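Enquirer: Residue numbers (the numbering used here), protein chains in the order written: chain A, 1 to 433; chain B, 1 to 217; chain C, 1 to 170.
Hint data in this document are derived by calculation from the structure and do not stem from the laboratory. In this text, all values refer to a predicted model and were calculated from it rather than measured experimentally. For glycine and all other residues, C-beta sits at the position ideal for the given N, C-alpha and C. Some hints here could point you the wrong way.
[Claimed, not checked] Under the rule of at most 35 angstroms between Cα atoms (straight-line distance), these lysine-lysine pairs were calculated in the DSBU-like manner: (1) C:Lys71 - B:Lys83; (2) A:Lys61 - C:Lys99; (3) B:Lys72 - C:Lys150; (4) C:Lys43 - B:Lys83; (5) B:Lys116 - C:Lys71; (6) C:Lys150 - B:Lys83; (7) C:Lys150 - B:Lys58; (8) B:Lys27 - C:Lys164; (9) C:Lys163 - B:Lys83; (10) C:Lys169 - B:Lys58; (11) B:Lys103 - B:Lys29; (12) B:Lys29 - C:Lys169; (13) B:Lys83 - C:Lys48; (14) C:Lys99 - B:Lys58; (15) B:Lys29 - A:Lys61; (16) B:Lys103 - C:Lys164; (17) C:Lys46 - C:Lys163; (18) C:Lys163 - A:Lys61; (19) B:Lys72 - A:Lys61; (20) B:Lys103 - C:Lys169; (21) B:Lys58 - C:Lys163; (22) A:Lys61 - C:Lys46; (23) C:Lys43 - B:Lys116; (24) B:Lys58 - C:Lys62; (25) B:Lys116 - A:Lys61.
[Stated by the list, open to error] A few chain A residues that don't get close to chain B, going by computed Cβ distances all over 12 angstroms: (26) Ala5; (27) Val18; (28) Met43; (29) Gly143; (30) Thr160; (31) Met237; (32) Val240; (33) Pro255; (34) Ile311; (35) Leu342; (36) Phe376; (37) Arg386; (38) Arg407.
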Amino acid sequence: MLKKAFSWVDERFPLSEVIKHELTEYPVPRNLNYMWNFGFLAMFVLIVQLVSGIFLAMHYKADVNMAFDSIQHIMRDVNYGWLIRYLHSTGASAFFVVVFIHIGRTLYYGSYRRPRELLWWTGLLLWFLLMATAFMGYLLPWGQMSYWGAQVITSLFGTTPVFGEEIVRWLRGDFVVGDATLTRFFALHYLFPFIISAAVVIHLVALHWVKSSNPSGITLRAKDNIPFHPYFTIKDMFGVGVFLIVFCGFVFFNPEFWIEADNNIAANPMSTPAHIVPEWYFLPFYAILRSIPDALGGVITMFMAVAIFAILPWLDRSNIPGGALFRPGYRIMVYVFFVDVLVLSYVGAKPPEGSFVIIGQIATLIYFGLFLLLPFVSSHEARRSREKGLPHEAERLIREEQEDLLRREHGVRRKGDEERLGQTDKGFQGEER
Amino acid sequence: MKRVLVVLSVVALLMGVASAMASAVGKLKSLDVDESNEARQRGAETVISACMMCHSLKYVKFMDLADIGMSKEQIEYLLEDQKIEDRMLSLMPMEIREESYGKVPPDLSLITIARKKGPQYVYTLLTDYYYQEDGETNNYLFEGIKMPDVLAYADAESDQERADIEAQMRDVVSFLKWAADPHSDERRSLGVYVIIYLVIFTTLLYLLKRRIWSRLH
Amino acid sequence: MASDKDLDRPDRRDFLGAVTTAVGAVGVVGACYPFVSSMNPSKDVKVKSTSLVDLDSIPEGKTHTVEWQGKPIFVVHRTDEVIADMQASSTDIDPQADKDRVQQLQWLVVIGICTHLGCVPNRTESGWSCPCHGSIYDNSGRVLRGPAPKNLVVPPYEFINEKKIIIGKA
């Protein structure tokens, strides 16, 4: 019966074809490790946020006089309101944890390199949309931190020369963060996740054109690919299971961990909290912002800290494929970068006093320094590899890749390959590339 | 070895960041909050009879006390002019409170989650009163506090007296912790079932994953 | 990694797959429950499922309109004359004895929503008249003339004492 339904649809719409080509029989390198689970996990968290967010919106009131109260109404009166709210607040942090690990994987393994530059760019777009969504969402509970965080960050746009003040007023809809701001942030916070969903589709289209990279960074032979189903469907589901255990651990046993205490106090425009701290996922950029004494300079530097990721594929001039695996110099740089981001986060959480100022400034210098250093380090690596050769493993993989390409270009197949191809799962055929 | 060092330093840094965010709040006394309904009920009595002179708990209704096991009669016993469906608002008008204390005493509905280590903070505050040389009361945790020493902790002369007030304050904290998070019992018991389910499900997924991947040579 | 052995015993592999799928399905259904439940009336709304009426405030012969679950309720303090009248009369469209529509004869409690299309009828001397399509009700809330098909609905209520009734169930 189901078969009949499918064949009726397939005559009129490429449903089975698309499912087969993009999902069940989609080729994936067999050597992916668990670091490759995080893309799917990000999509899972997006769905958690969408569903919990929509159900919260059924009870939330985006009015300065009612917002904070409506959150309490959700927490106390709405059936399972407390659960839906904690899913959403924990999910926001979970989203960034997953996305940061996903980006970290891309940096470490050099998955941003040719031909995956546009895949990298669509990913950066997603990260940028996520930050905007999170920033707007954080205003909605209308707590002290919500209000003052929004006040500070919207003020930053005032550093724009000439039109600064007008821009800030236009953003806020008022002279200060107020009812107009809250209402529009709610409207946009509800909208953006759907833009994110569309951007996810584009990100996946880009991915499916160039296919996944793998830990070696070198394209494997076609026959070393395996179909997405069942190998990676089950592996992704297992990843979700592990993720949910940690996630639900927080939701059910320590949900307030991710909520800033000051945000449980209703916003008071007359009284600023002692320490304004953004949510943890903004801390490194907050630290960078504060490390530049000049206001406009700080804003520009902070935006550059995000934007500079875009030119990364062109900064990396190595001829050694991939990322840290076969490139010890690059590996050290990546580790230093990760540690530097942690240091910046720490500084961002502290008041800008004493030794934290200079530490923050040094960490900012290191942050940008690593990017600027990359062309030189990678060129040096390229030169050395031409003199001394690559590690054996890398050479073997590259050789296999080239042989594979040649074979397919000239349509030559050896008998042994035929047999080996037949033995892979369900007669699966590797794809070009 | 290098890997281990790297992982260890990352974890150390992460913990550092987390602790940076949780800034130290003076010296807080340690407290294991009694989460029993009995403790919460005792705390409710003290809060309603003593604290609500000046403080309100606007997100809590008197009838919510049924959720910690109080009967309708027990609740009504604590009421003065209020009705059982009313919210717990202070009977003293706001202007008078503002005049006496310089500002409106904060609402207590969320106080234990509106401060870092809230329960310990509240307990320490309530039991840190002392007499200055000039005969005025002050507070070690909150210098220059405007709130009076409601249960006369600084007046206590014997260890027993102090212990009694401390016990009462612990009950107050028990109640306030519930008031800030009335679904905590349900949340944790549901959480146990959810985690157990997830462990079972994830184990099944793992076994299935191993089986499927074992087909690859 | 004896893959051949596993292929030879598909039933073992399928069993694990079937069990895992079943457990997963249970989880998905369970996860839906809180969301569906959150759309039901919340605690503060459920509290409003009953309304108290103080009968002392309604003089003889008069009708008060109170609110219950967002609906208007007509509470009539009937005179002896009206009571006798209603006891003696009967109606054709939705026959019902007056004594079956009241708990105490002098108090009539009905939902003030016309059973035709939901307008609120106006009070008349002999009962109610609906301004929308002309339905007429008597002093027992019974429909005398259509297009209303049914008598005015009697909500669940209870006498707490002589002077108070509680409409609706807790």
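Enquirer: Each hint should be assessed against the structure and marked as holding or not.
Expert: Quick rundown of the hints versus the structure:
{"no.": "1", "hint": "C:Lys71 - B:Lys83", "verdict": "holds (24 angstroms)"}
{"no.": "2", "hint": "A:Lys61 - C:Lys99", "verdict": "violated (48 angstroms)"}
{"no.": "3", "hint": "B:Lys72 - C:Lys150", "verdict": "violated (40 angstroms)"}
{"no.": "4", "hint": "C:Lys43 - B:Lys83", "verdict": "holds (18 angstroms)"}
{"no.": "5", "hint": "B:Lys116 - C:Lys71", "verdict": "violated (47 angstroms)"}
{"no.": "6", "hint": "C:Lys150 - B:Lys83", "verdict": "violated (39 angstroms)"}
{"no.": "7", "hint": "C:Lys150 - B:Lys58", "verdict": "violated (45 angstroms)"}
{"no.": "8", "hint": "B:Lys27 - C:Lys164", "verdict": "violated (57 angstroms)"}
{"no.": "9", "hint": "C:Lys163 - B:Lys83", "verdict": "holds (19 angstroms)"}
{"no.": "10", "hint": "C:Lys169 - B:Lys58", "verdict": "holds (27 angstroms)"}
{"no.": "11", "hint": "B:Lys103 - B:Lys29", "verdict": "holds (27 angstroms)"}
{"no.": "12", "hint": "B:Lys29 - C:Lys169", "verdict": "violated (49 angstroms)"}
{"no.": "13", "hint": "B:Lys83 - C:Lys48", "verdict": "holds (15 angstroms)"}
{"no.": "14", "hint": "C:Lys99 - B:Lys58", "verdict": "violated (47 angstroms)"}
{"no.": "15", "hint": "B:Lys29 - A:Lys61", "verdict": "violated (39 angstroms)"}
{"no.": "16", "hint": "B:Lys103 - C:Lys164", "verdict": "violated (43 angstroms)"}
{"no.": "17", "hint": "C:Lys46 - C:Lys163", "verdict": "holds (25 angstroms)"}
{"no.": "18", "hint": "C:Lys163 - A:Lys61", "verdict": "violated (40 angstroms)"}
{"no.": "19", "hint": "B:Lys72 - A:Lys61", "verdict": "holds (32 angstroms)"}
{"no.": "20", "hint": "B:Lys103 - C:Lys169", "verdict": "violated (44 angstroms)"}
{"no.": "21", "hint": "B:Lys58 - C:Lys163", "verdict": "holds (32 angstroms)"}
{"no.": "22", "hint": "A:Lys61 - C:Lys46", "verdict": "holds (20 angstroms)"}
{"no.": "23", "hint": "C:Lys43 - B:Lys116", "verdict": "holds (30 angstroms)"}
{"no.": "24", "hint": "B:Lys58 - C:Lys62", "verdict": "violated (39 angstroms)"}
{"no.": "25", "hint": "B:Lys116 - A:Lys61", "verdict": "holds (27 angstroms)"}
{"no.": "26", "hint": "Ala5", "verdict": "holds (27 angstroms)"}
{"no.": "27", "hint": "Val18", "verdict": "holds (23 angstroms)"}
{"no.": "28", "hint": "Met43", "verdict": "holds (17 angstroms)"}
{"no.": "29", "hint": "Gly143", "verdict": "violated (9 angstroms)"}
{"no.": "30", "hint": "Thr160", "verdict": "holds (30 angstroms)"}
{"no.": "31", "hint": "Met237", "verdict": "violated (5 angstroms)"}
{"no.": "32", "hint": "Val240", "verdict": "violated (8 angstroms)"}
{"no.": "33", "hint": "Pro255", "verdict": "violated (8 angstroms)"}
{"no.": "34", "hint": "Ile311", "verdict": "holds (27 angstroms)"}
{"no.": "35", "hint": "Leu342", "verdict": "violated (4 angstroms)"}
{"no.": "36", "hint": "Phe376", "verdict": "holds (24 angstroms)"}
{"no.": "37", "hint": "Arg386", "verdict": "holds (27 angstroms)"}
{"no.": "38", "hint": "Arg407", "verdict": "holds (21 angstroms)"}
The structure does not agree with the numbered hints 2, 3, 5, 6, 7, 8, 12, 14, 15, 16, 18, 20, 24, 29, 31, 32, 33, 35 stated previously, though it agrees with the rest.
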